[in-house]
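Assemble chains B, C and D with the ligands onto chain A, guided by the hints.
For the record, the sequence lines run as chains A, B, C and D.
Numbering of the first sequence is given in my numbering, commencing with residue 1 and proceeding in unit increments.
Numbering of the second sequence is given in my numbering, commencing with residue 1 and proceeding in unit increments.
Numbering of the third sequence is given in my numbering, commencing with residue 1 and proceeding in unit increments.
Numbering of the fourth sequence is given in my numbering, commencing with residue 1 and proceeding in unit increments.
Rather than coming from a laboratory, the hints here were simulated on the basis of the structure.
Mixed in with the good hints, there may be bad ones.
Quick look at which bits of chain A chain B covers, simulated, 3 or more residues with Cβ under 8 angstroms [claimed, not checked]:
#: 1; stretch: 19-33
#: 2; stretch: 85-99
#: 3; stretch: 141-154
#: 4; stretch: 171-181
#: 5; stretch: 207-218
#: 6; stretch: 241-248
Between beta-carbon pairs, the in silico distance windows are [claimed, not checked]:
#: 7; chain 1: A; residue 1: 122; chain 2: D; residue 2: 60; range: 27 to 33 angstroms
#: 8; chain 1: A; residue 1: 122; chain 2: B; residue 2: 80; range: 53 to 59 angstroms
#: 9; chain 1: D; residue 1: 91; chain 2: B; residue 2: 26; range: 54 to 60 angstroms
#: 10; chain 1: D; residue 1: 145; chain 2: B; residue 2: 139; range: 20 to 26 angstroms
#: 11; chain 1: B; residue 1: 139; chain 2: A; residue 2: 213; range: 35 to 41 angstroms
#: 12; chain 1: D; residue 1: 251; chain 2: C; residue 2: 130; range: 50 to 56 angstroms
#: 13; chain 1: D; residue 1: 145; chain 2: C; residue 2: 224; range: 50 to 56 angstroms
#: 14; chain 1: A; residue 1: 26; chain 2: B; residue 2: 26; range: 33 to 39 angstroms
#: 15; chain 1: B; residue 1: 189; chain 2: A; residue 2: 86; range: 47 to 53 angstroms
#: 16; chain 1: B; residue 1: 23; chain 2: A; residue 2: 126; range: 28 to 34 angstroms
#: 17; chain 1: B; residue 1: 80; chain 2: A; residue 2: 123; range: 50 to 56 angstroms
#: 18; chain 1: D; residue 1: 80; chain 2: B; residue 2: 33; range: 50 to 56 angstroms
#: 19; chain 1: D; residue 1: 56; chain 2: A; residue 2: 124; range: 40 to 46 angstroms
Among chain A residues calculated to face chain D with C-beta under 7 angstroms, some are [said to hold, decoys possible]:
#: 20; residue: 62
#: 21; residue: 64
#: 22; residue: 113
#: 23; residue: 114
#: 24; residue: 117
#: 25; residue: 130
#: 26; residue: 238
We put the beta carbon where it would ideally sit given N, CA and C, even for glycine.
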Amino acid sequence: MTGPRMTGADSPPSLTVSRLAYAYPDGTQALFGVDLTIRRGERVALLGPNGAGKTTLVMHLNGILTAGHGTVEVAGLPVRKDTLLEIRRRVGLVFQDPDDQLFMPTVRDDVAFGPANLGLRGDELDRRVCDALTRVGMLDAIDRPPHHLSFGQRRRVAVATVLAMEPEILVLDEPSSNLDPASRRELADILKSLDVTVLMVTHDLPYALELCERSLILSGGVIAADGATHSLLADAGLLAAHRLELPYGFAVPALQE
Amino acid sequence: MTGPRMTGADSPPSLTVSRLAYAYPDGTQALFGVDLTIRRGERVALLGPNGAGKTTLVMHLNGILTAGHGTVEVAGLPVRKDTLLEIRRRVGLVFQDPDDQLFMPTVRDDVAFGPANLGLRGDELDRRVCDALTRVGMLDAIDRPPHHLSFGQRRRVAVATVLAMEPEILVLDEPSSNLDPASRRELADILKSLDVTVLMVTHDLPYALELCERSLILSGGVIAADGATHSLLADAGLLAAHRLELPYGFAVPALQE
Amino acid sequence: MHVPDGFFNLPVSVGAGAVAVTGVGVCLRGARRELDDRTAPMAGLVAAFIFAVQMLNFPVAAGTSGHLLGGALAAILVGPYTAVLCVSVVLLVQGFFFADGGLTALGINITLMAIVTTIVGWAVFRLITRSVPGGRAAIVAASFVAALVSVPASALAFTLLFWIGGTAPIDIASVAAAMGGVHVLIGIGEGLITALTVSSVLAVRPDLVYGARGLARRLVLRTAEGAEVPVTEVPATEAPEPTATPSAGRLRPLFIGGGLVAILLAGVVSFYASSSPDGLEKVAADKGLNAHEQDHGLSDAPLADYGVKGIDDERLSVGLAGVAGVGITVLAGGAVFYTVRRRQRHKAAV
Amino acid sequence: MSAGHHHQLYRAGDTPVHRLPPQCKLVAVAAFAVAVVATPRERFWAFGVYALLLAAVAVAARVPAGFILRRMVIEVPFVLFAVAIPIIGTGERAEVLGMSLSVPGMWAAWNILAKASLGVVASILLAATTEPRMMLLGAERLRLPRLLVQIAAFMLRYMDVILDQMRRMRIARESRAFVARDIRQAPVLARSAGALFIRSYERGERVHLAMLSRGYAGEMPAIRDLSASGRDWGMAVILPCLAAATAVLAWSIA
Ligand SMILES: Nc1ncnc2c1ncn2[C@@H]1O[C@H](COP(=O)(O)OP(=O)(O)OP(=O)(O)O)[C@@H](O)[C@H]1O
Ligand SMILES: Nc1ncnc2c1ncn2[C@@H]1O[C@H](COP(=O)(O)OP(=O)(O)OP(=O)(O)O)[C@@H](O)[C@H]1O
Ligand SMILES: [Mg+2]
Ligand SMILES: [Mg+2]
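For reference, chain A alone in the conformation it holds in the complex (with noise of 0.2 angstroms):
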């Protein structure tokens, strides 16, 4: 990792969007004006419906869309040609199909392309790699080809081709969907141990709300509410506006700590 790491209140936040616009080259606009703010260290849930344009969002905090209009900030730097680079080592992106994200003959290959793109070598980098996998619980499969595991066993060779990164900021397209429950609860887990921005898109309100103190409604393109995790569900008509409902058998558990 380059840079150190800052803490404290001065430090910019981790990322900045605003008045963020953008259409597919088929002219399918997806983003109407984004502005939003994460600090440094907080866990942040994306959620909206099917088509609100969370991916396409998402896409643009590393870099990999260009913004057709306005502007993103990483960690105080702003997203152009020039830093790409260094944006994309400070953020983790975990893609939405896991099919999109592997592309090596193996796991191992796959697992240690990005920490390799960074400069480690050798044990730095075996380390790195089996540290991931285990996490995951995929190092079993370290020499297989990714194509040929089964779906939930991809999205989890996914995440830990970030997590093996060690970025500072980690932004997740419905990491726990295709997930078994326990290794929902373990990525949960993981994703708390680790002292790191986080945002997260999922539908899943009872994950966002145990993993994310805030959480943010994308509808339409533009953000229709910003604020706690727990208030927002709490709020029925909100939730009904956005196409998000509480799911069966679901009761909002008292506040905690």
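Using the frame of chain A, we list chains B, C and D with the ligands on its own:
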């Protein structure tokens, strides 16, 4: 639809799988002797950890994979080369990855593809297409290319492609993942409203409980448990043994009805 | 048309090699302008696509083997300089990885299939699109003609080289006749496939067609309540040109043209669509992407990973391959017959 | 969906030939091909020597003859052509097995068949002992322009992507009761083939973006060390040197 729909207790079970074993071409064995029977009109959940072989099993049910050992029967018809076509008319399969399901240049073409293969044309075909898309709430996207939709939108279209064929047996591989909560409930409502046999793979235990009276747990390539969803979910030891657990904040509701 | 080792004499091989190296060198410089971070993968895809297209490979009586070339398609999609590089890469990969085309004949193969087809195809394409304004329909039509012309042009160049330094003692006229005849046919197929591909790319990703860019629409900003906000500053990236969205009327020629193409394609392209992809897949799985086994792989296709018989495409593709095969055979036979007759007449005259 | 498919060209092994750095092998094979082509066609013995040299390499690399023969099917088109040359060729004619054949035609056929086959076998051996990825790294080491190497790398990757997309599309078609009974279904295939290009591209584009987001900057990280020692080069030049000696001998012995 060919063949009249049979009802009544004397009709053969919708699905009978016996001693099914399968190894992938690279040598990984995924199924080690699966036995199961699903009666006409039942809604059954298939639960199990990642890599248990659920997808592999499901792919046998309409002959996409052919049994390495053992037999599969659909409505009394053994899955064999000469019965494949008939079986694919009867069994509608929603794949785990929507990208596997959608291949035509527009959503309309894609949804029309199946019914057109069943011989429908003209108004009847249009009606089926619009109907299926309305059900999943994707009618607006009818002229867009499916690969330009969001992941959740693609999943909804994938479900529509199968609904449009009006199969007598619906097999769904994690249909609710990546859906927003409202769509998830709408899908449950659709499935409840159809008078068909349903086998649904899911990692969402509350969803299984809501929708299916009966559940199977597939673990390590064999059926580890088979019974009423309610009682399986109440057995914490059984769940823990197969990496299943009830989510945060969930309480098994008292038996209704 | 991949030329093997030993087919041309040394001077011609060396000369063509020099032409190829110069050409590729020029294109490497030119491509820097066409290619950015994003289009590098596009170039790779075009190369892969051309590789696939070139797998439609059948023996031609008086040439080595004939197949679609893809140079014009590449030029239209990624620009002429990058196109030469794409096709050259295909030929290098075929030579070194797949043993297809001799290593000492690489210069000849690059000259004929990368440089000649691209230059001719691009020239024709520019000529038409410059002189006939008319948006998408014109681009599609121009792609058809450009691809159609590029193939016989390449065959002509082959004949020329053969005349200068071919090692086989065959009457140059019969080479020209056979190569020309077959490649006009191949050219039609090439034109159809090129037009279909270009029109389908234009329809959904106009930004990917070189020279047909700039269709970006203006962005809209909204508040959380859905009210529109005026866009204050000009977007950081290049200001989008206010282009009119193509009206239905403008699109009609495209649809009609597309329909005609689809009908014509029933023969040629479905052969490509059905046999080539699945054949390709089978070949890839069973034989290691061995291009030329493709024609032989059609008859029994136990499909790769899933162990399903390719019931759908198989019969169709075999049927079509049969039709195409018969056509080619008749043609080739005709060429041989023509040659033999000529020779006999010649003999009689002597 | 990655390079997994290429294993059929490549035969994994741990022989001295496999272990040679790829750049050495590329140079050796190219030089061998030049020596073969430069040999006068009248010296039958020289071609025998070349064949023996290749056989020795095959033995050293433990590549079975069956594998090479199967891959040699690639020659079929020009074998057919070569067979035709004596029949349609011009010039002096001779009676062979009751057929009137052109004598220069027979020479030409022999010339093409012998040289092309030797070239093909050399390339097969190269591909059988070198992974495609390594071959690209070797090419990069040989200072082949970066742009060409990059396009080639993407091309190999996209071949997998296309194959993968085709497989997915075929399964999707079949599972919805598609049967291509006759020509009427052709437009369906044509239409889905049109979609194939875009789909493959977009999948590949997303994968490319995923690579970028993990710090890819146009070059695969060289996890393995690829430098060639003097000994490696010494080993590698044995084949082309012997071939060149043969060629020189063939020219000098009248
Ligand atoms: N490649 C694309 N080309 C054109 N339009 C696209 C593309 N990808 C997404 N869109 C459109 O942009 C909008 C936002 O899509 P996005 O993928 O960001 O949604 P999302 O919030 O991630 O949804 P989901 O929860 O379903 O993943 C949708 O209307 C979608 O149809
Ligand atoms: N194409 C393949 N080639 C080889 N092995 C495979 C392939 N697909 C799956 N497997 C292996 O087969 C086993 C069962 O996989 P399957 O996809 O059926 O699991 P699953 O129960 O569907 O899991 P998930 O919940 O993650 O979707 C796993 O160990 C997996 O690694
Ligand atoms: Mg998304
Ligand atoms: Mg699965």
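Outcome of the hint check:
no., hint, in the structure
1, 19-33, "holds (count 3)"
2, 85-99, "holds (count 3)"
3, 141-154, "holds (count 8)"
4, 171-181, "holds (count 6)"
5, 207-218, "holds (count 3)"
6, 241-248, "holds (count 6)"
7, A/122 to D/60: 27 to 33 angstroms, "31 angstroms, holds"
8, A/122 to B/80: 53 to 59 angstroms, "54 angstroms, holds"
9, D/91 to B/26: 54 to 60 angstroms, "56 angstroms, holds"
10, D/145 to B/139: 20 to 26 angstroms, "51 angstroms, violated"
11, B/139 to A/213: 35 to 41 angstroms, "38 angstroms, holds"
12, D/251 to C/130: 50 to 56 angstroms, "54 angstroms, holds"
13, D/145 to C/224: 50 to 56 angstroms, "51 angstroms, holds"
14, A/26 to B/26: 33 to 39 angstroms, "38 angstroms, holds"
15, B/189 to A/86: 47 to 53 angstroms, "49 angstroms, holds"
16, B/23 to A/126: 28 to 34 angstroms, "30 angstroms, holds"
17, B/80 to A/123: 50 to 56 angstroms, "54 angstroms, holds"
18, D/80 to B/33: 50 to 56 angstroms, "51 angstroms, holds"
19, D/56 to A/124: 40 to 46 angstroms, "42 angstroms, holds"
20, 62, "5 angstroms, holds"
21, 64, "5 angstroms, holds"
22, 113, "6 angstroms, holds"
23, 114, "4 angstroms, holds"
24, 117, "3 angstroms, holds"
25, 130, "15 angstroms, violated"
26, 238, "32 angstroms, violated"
Checked against the numbered hints given earlier, the structure breaks hints 10, 25, 26 and satisfies all the rest.
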